[in-house]
Structure formats: structure tokens, C-alpha cells
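Using the sequences provided together with the hints, build the complete structure.
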Amino acid sequence: MSIEPEPSAAPAPRASRTPWQTLWLKLRKNRAAMLALYVLVALYMVAVFADFLAPYHYETLDQDRPFQAPMLLRIHIRDASGSLTRPFIYGTRVANPSLKLYEDDTSETFPIRLFGRGDRHDLLWLVPTDRHLFTVDAPARLYLFGSDQFGRDIFSRILYGSRVSLSVGLIGIAISTLIGMLVGGVAGYYGGAIDFLLMRVVELILALPSLYLILVLRQSFGSDLTSIQIYLLIVLILSFIGWASEARVIRGMVLSLKEQEYVVAAEALGFSRMWIVVKHILPNTLSFVIVTATLSVPFYILGEVALSYLGVGIQEPEASWGNMLRAAQNVSYLTEYTWVITPGFFIFAAVMAWNVFGDGLRDAADPRTER
Amino acid sequence: MKTFLLRRLLALLPLLLAVTFITQTLLVLAPGDYFSKLAENPSITAARLEMLRAQYHIDSENVFVRYGYWLKGAVQGDFGYSFKFQAPVWSLIADRIVNTLILAIGALIISWGLAIPLGVISAVKKDTVFDRLAGGLSFVGLSIPSVFFSLLMVFFAQKSGLFPVGGIHNQVYWQYFTPWQKVVDTLWHLVLPATVLGTIGMAQYMRQMRGEMIETLSQDYIRTARAKGLSERKVLFGHALGNAINPLITLFGFSFAYLLSGAFITEYVFSWPGMGRLTVEALLDKDEPLVMASIVMLTAMLVVGSLLADLLLAYLDPRIRLE
Numbered sequence: 001m002s003i004e005p006e007p008s009a010a011p012a013p014r015a016s017r018t019p020w021q022t023l024w025l026k027l028r029k030n031r032a033a034m035l036a037l038y039v040l041v042a043l044y045m046v047a048v049f050a051d052f053l054a055p056y057h058y059e060t061l062d063q064d065r066p067f068q069a070p071m072l073l074r075i076h077i078r079d080a081s082g083s084l085t086r087p088f089i090y091g092t093r094v095a096n097p098s099l100k101l102y103e104d105d106t107s108e109t110f111p112i113r114l115f116g117r118g119d120r121h122d123l124l125w126l127v128p129t130d131r132h133l134f135t136v137d138a139p140a141r142l143y144l145f146g147s148d149q150f151g152r153d154i155f156s157r158i159l160y161g162s163r164v165s166l167s168v169g170l171i172g173i174a175i176s177t178l179i180g181m182l183v184g185g186v187a188g189y190y191g192g193a194i195d196f197l198l199m200r201v202v203e204l205i206l207a208l209p210s211l212y213l214i215l216v217l218r219q220s221f222g223s224d225l226t227s228i229q230i231y232l233l234i235v236l237i238l239s240f241i242g243w244a245s246e247a248r249v250i251r252g253m254v255l256s257l258k259e260q261e262y263v264v265a266a267e268a269l270g271f272s273r274m275w276i277v278v279k280h281i282l283p284n285t286l287s288f289v290i291v292t293a294t295l296s297v298p299f300y301i302l303g304e305v306a307l308s309y310l311g312v313g314i315q316e317p318e319a320s321w322g323n324m325l326r327a328a329q330n331v332s333y334l335t336e337y338t339w340v341i342t343p344g345f346f347i348f349a350a351v352m353a354w355n356v357f358g359d360g361l362r363d364a365a366d367p368r369t370e371r
Numbered sequence: 001m002k003t004f005l006l007r008r009l010l011a012l013l014p015l016l017l018a019v020t021f022i023t024q025t026l027l028v029l030a031p032g033d034y035f036s037k038l039a040e041n042p043s044i045t046a047a048r049l050e051m052l053r054a055q056y057h058i059d060s061e062n063v064f065v066r067y068g069y070w071l072k073g074a075v076q077g078d079f080g081y082s083f084k085f086q087a088p089v090w091s092l093i094a095d096r097i098v099n100t101l102i103l104a105i106g107a108l109i110i111s112w113g114l115a116i117p118l119g120v121i122s123a124v125k126k127d128t129v130f131d132r133l134a135g136g137l138s139f140v141g142l143s144i145p146s147v148f149f150s151l152l153m154v155f156f157a158q159k160s161g162l163f164p165v166g167g168i169h170n171q172v173y174w175q176y177f178t179p180w181q182k183v184v185d186t187l188w189h190l191v192l193p194a195t196v197l198g199t200i201g202m203a204q205y206m207r208q209m210r211g212e213m214i215e216t217l218s219q220d221y222i223r224t225a226r227a228k229g230l231s232e233r234k235v236l237f238g239h240a241l242g243n244a245i246n247p248l249i250t251l252f253g254f255s256f257a258y259l260l261s262g263a264f265i266t267e268y269v270f271s272w273p274g275m276g277r278l279t280v281e282a283l284l285d286k287d288e289p290l291v292m293a294s295i296v297m298l299t300a301m302l303v304v305g306s307l308l309a310d311l312l313l314a315y316l317d318p319r320i321r322l323e
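Chains as they are written, first to last, in the working numbering: chain L, 1 to 371; chain S, 1 to 323.
Take every hint as true, because none was put in to throw you off.
Pairwise CB distance ranges (calculated):
#1 L:Leu236 - S:Leu9: 31 to 37 Å
#2 L:Trp24 - S:Arg7: 47 to 53 Å
#3 L:Val264 - S:Glu61: 49 to 55 Å
#4 S:Ala11 - L:Leu123: 52 to 58 Å
#5 S:Val183 - L:Phe196: 49 to 55 Å
#6 S:Leu13 - L:Phe288: 33 to 39 Å
#7 L:Ile228 - S:Phe156: 34 to 40 Å
From the structure, some residues in chain S lie toward chain L, with a derived Cβ separation under 8 Å:
#8 Val19
#9 Thr23
#10 Gly32
#11 Phe139
#12 Val140
#13 Leu142
#14 Ser143
#15 Val147
#16 Leu151
#17 Val154
#18 Ile265
#19 Thr279
#20 Leu283
#21 Leu298
It is worth saying that the hints were derived from the structure and are not from the lab.
Just so it is clear, CB atoms sit at the ideal spot from N, CA and C, and this is done for glycine as well.
Dropping the structure here:
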């Protein structure tokens, strides 16, 4: 409960707040949206520091020992005598090689080392180092979320995969928003034949069954591409589909904005039409644009997942959340080594966080919810 | 009404032309074709490959030539033979479309059957525990990736043994089943994929329903209805629901269209022999005639879906006239 302000108090401070401050204040009151924001910040930080946080490189494999069960719950903190000790894991023994069954070898213990040495990597793409946040000494291996069919650490691959799966959304949305704003702005402000033509293109893209168009587009580029090319291609294809709906709404907004007095004033001052669109009209659509952009990030994340799951996206040995799920396509893997679907929980968490955050942002940007 | 229908169906033609032309262009741009795989087979000579390509009119790299051949056949109703199945594409599509319809209708029943009551209750009990819970669940439904949800369901089916893991009917005993058993068997196979598709749609429609209902309940005529002493049941179902549901009917058409075309991930994971899976596999195999015919079919279904929504809305809402 807040205390009622004194009637004699100075004029409400709200008058001096910029719209962005108001938005932020409203957003902060929304607990679900703030939680989602923290989850997103955490996820994206993990993606940035993936190579340091992951105990292994995404390609590091142990082909003699595939499908080891998750060790997250088998990290021990009490030694044989029952007293507390630094966390450790037991060594692993192959119990049945054909069924891929393993058991703990309690004769050996491997403490989890902080900042231990491991695979080489470039921290923040700059600093070459071989330190990792936590490792265990060879020959033991730490598989927090288990290992896959090639004996690669699923935890490490999820961290590396987050770089692909999470950045697709941000870059994709940046490209499609840019195109959407420009096309919508030009169509709305210029009108006439340009408007007619651009809107027919928009309608065409919206009328197509989009996932198939994405697949046809992907197929038309062939498969002998490097991983970075495939990544860029996926982003571009998804943005190519994504800009249309944005452009249509922006055009609608621009149609009403262009009658505003400040636009007439800018015209009277003799600014060029493009300048007026970019400098005077589009900035006023920004709060709407940010909300829709946030709400459409999941489309890009799920698009990458779908393409990689179907095998035309990110290719092995590169990791992405979508291509990691491919292992689960094999029903016997899915039932015997269920941990192969762990990436699914991360996709779900990321998409959910974007949806909840976007929803909160929409409420906060909506002047009708003024409080 | 008649002119409206005629105009909408006529508008379908340029759309189909544009869509098929774009698809054809992209297919021509794609490196390799269906027969590239045969080239690895040493018993097939390069000359034989050229002959095959010429026979199926995919030897030209000129988009207009290729599209011309296709269009000429298509106008005469001949969409060609699938390279992979060696069967007329329409016979393949006809089989699959029934399966896709079964899946779509199953999903629609689940999603709308849950979304409308849940949305109405949430609106009436706004800001209660029920509303919050339903709101939270709708976010889960909205966010769960269909690949992941489908895989979880397959896992559940395999572990519990309660439901079949995939396919549309029992492969072994299907031919011995009585018609009634066939229906039951298909429904049994339908439960899980329809649940996956239904849940994802349900979340969205429930939120929409709740929003519309809250909006409607704040209208003056609802206050009037209450003021004249109508029972709450009559207010809700006699006055509010009918008005709140109109915007959802447009959504209904879109959802049907989406289910017909957008279900391919679920079809893929559950090995459901529907249109989506047929198209995706044709695309991955570069089975050109099949891709073209599927795209025509999918686009037409999308358009017909939204057309049906418009018709339904005009039928239910007397304020709307189709001119």
C-alpha cells in the first residue's frame, strides 16, 4: 500500500517523465514480465560466455562411451565417511557396452575443479584461453545433462547451441523490422502506385504457406554451404517472410501520422520525402514496433528449430537447439536415452520468456493501462 | 453474395499463378534435381539421365520454359507424375488430404472445445486464481515448440503403451478390421497428434475469447440486461457470448487454414501421412511435380479456409453483408 500524496505536494512528477521512463516504471510493476526479462538476460549472457561456461567444446567426443546418463544429480558432496567435501563425481565403468549401460566406479573420485584447464577457446571471441568455469580431470568426464550418440556433452552443446538459436531471433528481427518499417513507411507516405505495388507484394507473402516457402527457399540454395553461410541464410530467409505483416501495420499507422501538423510543417520546410519518412514519421511508430518485434522473436527461434530439425538448417557437428533434437527422432533413443530432448526445455524457456516479456511490454506501452 | 464468392474465387487465380511461378523459379535455382541422386548409381549412364530429364521436362534451366510446360499441363488438368512414387500426383494428394482433414478436425475440436469455455470462465472470474492459472497455462501452450511437445507425447506413448507411437492406423491388422474397428483405431491414433496441435491453438483462442468477453461484459447493453433483472446465465449466454464470439470466427477460418498447412512438424514427428509431410518430403527429395501440386493445394486450402470464415461470419452476424 502506498501513502496518499499530500494535496499540497508539488505537481505530479509524472509530467516530467519521458514516455520511455513511464514504460519502464509500468513494466517494473509487472512481476511476470520482469522475471521473463531476467531469464532472457541470463540466457543471453550464457550464450555470450558459452565457451567458458561449457566444460567441453561442442565437437569434443568420446565415441566409445555414447549415451551416458545425466550426472547433474550424481554430483556428490559427501565422501565415503559421510563428511562434507568439495563436490566430486565418481569414475564411470562400462557395465554393458551393447546396451550403453554405465555404472559408477566408486574406487575413484574426481573433484570438480573451478577454472580448470580444458579445450582451447577464445573468450568473448578475443582472449585465447583454455580455462573453463568448471571441469573434472581426465579420464573422467562431466556430463551434467548426459551425452549424445557420439559421446558429446549435451550441456556444452546446449550452451554453444544457444549462440545460434538465440541470436537468430535478434538478428532476424532487426532485419525484418528494418525492412518492414521502410516498406511500410514508404508505402504509407508516398501512396499511389508505389503503395499499390508494395502492398500486393506484402499480400502475396502473407498468403503463402510460410513454412513451405521457407523450405523451398532453403532448398534453392543447395547444401554445400559453410556453417556460417547456412546460419546467415536461415536468418535472411526467416526475415524475408517476417517483414510483411510488420510493413502492413506500419503503413496503416503512417497513413494517419502523415496528416499530423509536424509532418505538414516538415513538408513546408522543404525536407525530402525520404527524410520525412525516416526522421519524422517512423520514430513515432517505434513503441509499436518494439512491442511487435519482441512478440515475434519466437517465430525466428522456432523457425531455426524447425529447419534444423528437418536437417536443412544448422549442420553437424555444429550445435543448435534444433539439430540437437534430431537425435530424438529415433524413437529408441527417445525412450532409452530420454535426456536427448533436454534442448527442448531450453527452446521452451526462451520462447516462453520472449512471449511473457513481450506481453508485459505491450501492456506497459498501452496508454489505456495508465496508472 | 454470388458476386462476392465469384470475386474471391477469381482472386485465387493470380495468387496461384504467382505462388506456382515463385516455387518454380526457386526449384530451378536449386542445385541438383531428383535425378542427381541416380547419378551416383554406376549402372545409370549420363545419357540415360539426360533422357530422363528430357522426358520429364526438367532439362531446361530456363524458368519460363519449365513453367510453361507445367502450366500447359496444369491448365489441362494434368499435374504430372510424382518421380518418387511413380503415380499421378492427384491420387497421392487425394489420399493425404483426407488424413490431414481428420487431423485438422480433431485438433479444431480440442482447441475450440476447450478455448471457448475456458476463455468465458476466465473473463467472468477475471483476476481470480482460476483466471491467473488459465492465463499461465495459455502462455505455456503458446510457447511450447510443436517439435518438443510432439516428442514428449511420443515418449509418453512409448513409455505408457496407452497410445500408438505414430502412423494413422494399425499396419498389421488394419485389413482385418470391421469398419467400426477402423474408426476406433484411427481415433486412437489421432488423440496425441490432435492434442499437440489443439493445445497450441487453444492457448491463443482462449486469450482472445477472454479479451473479447471482458470487452463485451463492459458494454451498456449488458448493464441494461442485468438491470432488467435477467439471470446471469441469460446475460452471459443470451447477450454476451453471441457478441463476443464474432471476432473469433475470423480466427476460426485462419486456424483451419493454418492446421491444413502448418501441421507438418507434428505430422513429421508422428509419422502422420498427411499433406504437410508429403510436401516436406517431396521438397527434400526435389520431387518437382509433387511439390508444385502440393503448393497449389495448400494455397487453395488457405484461401478457402479464410473464405469459409467470411461466409460463416456473414451468416452469424446479420450486420455484415457480403457485397
